[in-house]
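Participant: This is what each chain is made of:
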Amino acid sequence: MSEASYPEDLLYHQEHDWVRFEADGETALFGITWYAQDALGEVVFYDAPEVGATLVKDESYAEIESVKAVSDVFAPMSGEVIEVNASISDEPGVINEDPYGEGWLVKVRLTSVEEKDALMDSAAYTTMLG
Amino acid sequence: MSSYTAATQQDIEEMLAAIGVSSIDDLFAEIPEGVRFDRALDLPAGKPEQEVFAELNALAAKNTSADDEVSFLGAGMYDHYIPALVDTLTSRAEFLTPYTPYQPEVSQGNLQVMFEYQTAISELTGLPVSNASVYEGPSAVGAAAYLAKLANGRKRHLVSRGVHPHSRETLETLAVGYGTTMEEIPLSGGITDLAALKEMLSDDVGAVILQQPNFLGSVEDLAALAAAAKEHGAVVIASCDPIPLGILEPPGALGVDVAVGEGQTLGNRLDYGGPSFGFFAASQEHIRRMPGRIAGETRDVDGRRGWVLTLQTREQHIRREKATSNICTAQALNALAGVVYLGWLGKQGLVELGELLARRTAYAREALTAIDGVTALHSQPVVREFAVELDAPVEAVIARCQEQGVNPGYALGRDYPEFSNGLLVAITERRDRAQIDRLAEVLGSAIAAERGAVEVAG
Amino acid sequence: MSDMASAQTAAQHAAGELGEDTVQVTGSVPSGGETPQQRDAAKTIYEKSKAGRRAFMVPATDVPDTPLDQLIPGALLRKDPAKLPEVAEPELVRHYTRISKRNFDLDSGFYPLGSCTMKHNPRLHERVAALPGNSRLHPLQSDSHAQGALELMYNLQHALGEIAGLPHVSLQPSAGSHGELAGVLLTKAYHEDRGDQRTKVLTPDTAHGTNPATVTMCGYEVVKVGTNPDGGVDLEDLRAKADDQVACLMLTNPNTLGLFDPNIEEIAKIVHDVGATLYYDGANLNAVMGKSRPGDMGFDIVHFNLHKSFTQPHGGGGPGAGPIAVSERIEPFITRPQVVMAESSNGDGPRFELDYDRPKSIGRLRGFQGNYGVFVRSYAYIRSLGAEGLKEASELAVLNANYLLARLKEAGVAEYLPVAFDRICMHEFVLSGAPMKKDLGIRTLDLAKRLLDHGYHPPTVYFPLLVEEALLVEPTETETKETLDAFADAVADILREAKADPTIAQSAPYSTPVRRLDEAAAAKNPVVRQPL
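Chains as they are written, first to last, in our numbering: chain P, 342 to 471; chain Y, 371 to 828; chain E, 237 to 768.
So that you can see chain P by itself, here it is in the shape it has in the complex:
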């Protein structure tokens, strides 16, 4: 298992999701934070959205399961799913091992880039976690 970390190049949502902007500034990767995967325990299943699905900020777009818990995954920003991390379906444990890298969940074409202003930076998120 990885060590607790909250990289500074990401933005964070209060439901323990992160956003990494691509160079174009219009697409981004979403995933769950170290805190979320730790609370959930060993991930055994990722119920991914379809490519093309519409995500609405603050609404659930996927489910992640451990042995004895199910967690909704909330969209930190709105957009359209353009890619799903298919490798997670075969090896869901990668969400635990590398939540900010290989464990990304979806790639999204953002529809309201300004929504990023409502997200937290690493310091604010860490403070929220207490």
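If you are wondering where the hints come from, they were derived from the structure by calculation, not from laboratory data.
Listed next, with one range per pair, are the computed distances between beta-carbon atoms: (1) Y/Gly523 - E/Lys315: 32 to 40 Å; (2) Y/Gly523 - E/Thr302: 44 to 52 Å; (3) P/Leu470 - E/Pro595: 56 to 64 Å; (4) P/Leu470 - Y/Ser461: 52 to 60 Å; (5) E/Ser380 - Y/Ser558: 34 to 42 Å; (6) Y/Ala819 - E/Thr302: 29 to 37 Å; (7) P/Glu438 - Y/Glu383: 54 to 62 Å; (8) E/Ala277 - Y/Ala399: 52 to 60 Å; (9) E/Thr302 - Y/Gly559: 16 to 24 Å; (10) Y/Gly523 - E/Asp432: 20 to 28 Å; (11) P/Asp388 - Y/Arg669: 20 to 28 Å; (12) E/Ser378 - Y/Thr551: 29 to 37 Å; (13) P/Ala410 - Y/Glu601: 37 to 45 Å; (14) E/Gly345 - Y/Lys568: 54 to 62 Å.
Computed from a prediction, not measured in an experiment: that's the story for all the values here. Using N, Cα and C, we set each Cβ at its ideal position, and we do this for glycine too.
Model the placement of chains Y and E on the given structure of chain P, informed by the hints.
Facilitator: For chains Y and E alone, kept in the frame of chain P given last:
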């Protein structure tokens, strides 16, 4: 002090002292006065074991059991022989008295039984995933309709009129909650009307629900029915009698997505209708929509093989309002009887039993339809049950037969007004040729007598 | 799970470290760290199969031996037989007997599994259920030939109605969750009959998972009601959420914290004032039989778990039965058929019938008349105990729970496992393992696993969800004071041991047929049948 508790007066005093209260009533002080029950329950006084036995023995003696008459009653539950070893094993305290295997380290026996049971059901149905049991047959059909609803969200469910009336009524009851509607596919010549089904199908149909063999005993052409349903993306559900599946092509090989059914015929008593078990098997794509417990294989920390309850995130105790079902306690002990019975029958035995039933049923059908006043209700292939029509009031004929110690079967008119004098006759390996001949004789006399009575009355 | 102890440590823990006061069921552990149970490799019956072996002998074909494909078209016939095992009777008996010994069971030891009421199962019940007049009675036998069964059901309906304080009973539902389904569908039928479409059902945040699951299956939205600091329903929250869209409040009283809600009359008033029904989850009825009745508390619908309060053997997870009792206003909608009594025309005394003619009924929820074999056992129980015995059972269940709680409040336990709500409990109570986790480094799960080495089935763990690291303990009335003392001592021993070395509990159990199992692996790649 009842014989099932052991607290002596001294125990009670010591315990109250340790708690720090002075009487047992103090322990109930939290119950507000307004809702305290201040009289004795209006129930008879308790009595010793031998007297309770005598009372229940006397009640049981008022019933006419399958030991008291030669019974051809079926219609969902069948008088198969249950081998003695089923009683021996199911009455072992290690199987009888634990609960659901929440602690797998001390529940390996129970979990292994579930795994072996799931394997047997998977083999019988030709579908890869079985759960560890649901309540019984008709509610299993209802649970399958809920799976279909979860799978595609479509509102129209089509159910064959050949499905057991209790299953159809259960579906109607549940549809109110599911937000689905039930429409009946008519029968034609004793089987589900394929042309009518095709007419009814469209892309808003979520499930097509069939039964194999159907309530009239007919073997359905599941492949053709399933293919029609699949063209419109409906989930195909078949409620199956497991014994005939020994010789019939399994539903999973015919395009059925979910196979469910009543498990009583697999080593379980008649018990006036329960407890038995329902089985529930599905194709791989529905594994995460299954209701109920599922045992899965794994290893322990020392590398030993073992089993656990798996995919529990489907279930009510974790997923709560989003669960695939609300089921908690199912029928583990009855499923144990089922897997032991199937082990007793064995690979060849199940086939031999099916063949024997098919031959005796064919013989009985021929013998009965040769009687004056009896005609075949349909001419479809059958395995263990068939339907005839009497040229006399069926309920009166049944009563006359019962007076002669023969229960000739089930009066179809109770559920099918169109077959008002229909009779459904079931055969098991316990009904031999001599008994079938006796049925023919008694039935023939009863019909003749009833016709005579009608003529006299007229 | 990488920090598990070595086999050698395991042997020490299994063999030597149990307190003197604890029940030793594991026997001696051989060198090498394996118990006899553990040495027994887990093979399935399919792996013991050998072509040609058999237990079943088919009766002779005494009718024409017509080729099968002349009776049934070949296209409908199975090509390959189902791969059932091929074994003879001795191996079948030995196989299932051996694997049965890999179960913990109530007859062998204390089973304080909260919310499940693991009380003794009298053996008389098995005998009367097996009488041919019961076990060999076909469910479609005509009423006139099933008078004994119908009379028993009628009497059981009366008894359950009296215990619930509600006059009308349906025995049909197959388990508690099935009774809930009946109850919420009855609620729906009741409202719709008045032309009232409602959308929501309230459940406390302490509710059994079956409650919200049932609500969804009945097409309602679940709305959670909070819990007050005393462990009861938060009345303010209830008032705020109770409106004319609420169809029902589902409640367990005593609740899943083992506490009787003293505000029950006010709760009933709030719910009834908005026209909703009040549903009683009877899982905890064992606390109040003959002491307080749900009907008198204002409930409209009650389900019973006959496998709990009325002692059906739990069978490894069923069978059970979940009859319901309902008030007058719900009665027209109750499931059919109902058992009714009709006076005989010829003066022979009462006659019992199945009544299908119930036009407003919600219909059936299953086949036939319900789990009759379960009814026989529960009826035998009610006849054995009678009114006084049932009341005494509840009193002693509550006494045992409070006594065990008092023992677990002693120094050495209470600082690590405090009671979640410090009040007089009913038949069960909830401890929180949060301080134990923080101060000793062992979780409730670890405590539970170590209890297995002491020969106990652990209490329910991680429920109710409201309490962190919850441990829900229900001793039942059929346990002796000595058993409760020994269990309390075992818990104290484990905590003492954990203080010295938490890794022992963290890696427990050691003496069980298998040790901790990899549940994540099972869920990632489900193997749910034997490949053949």
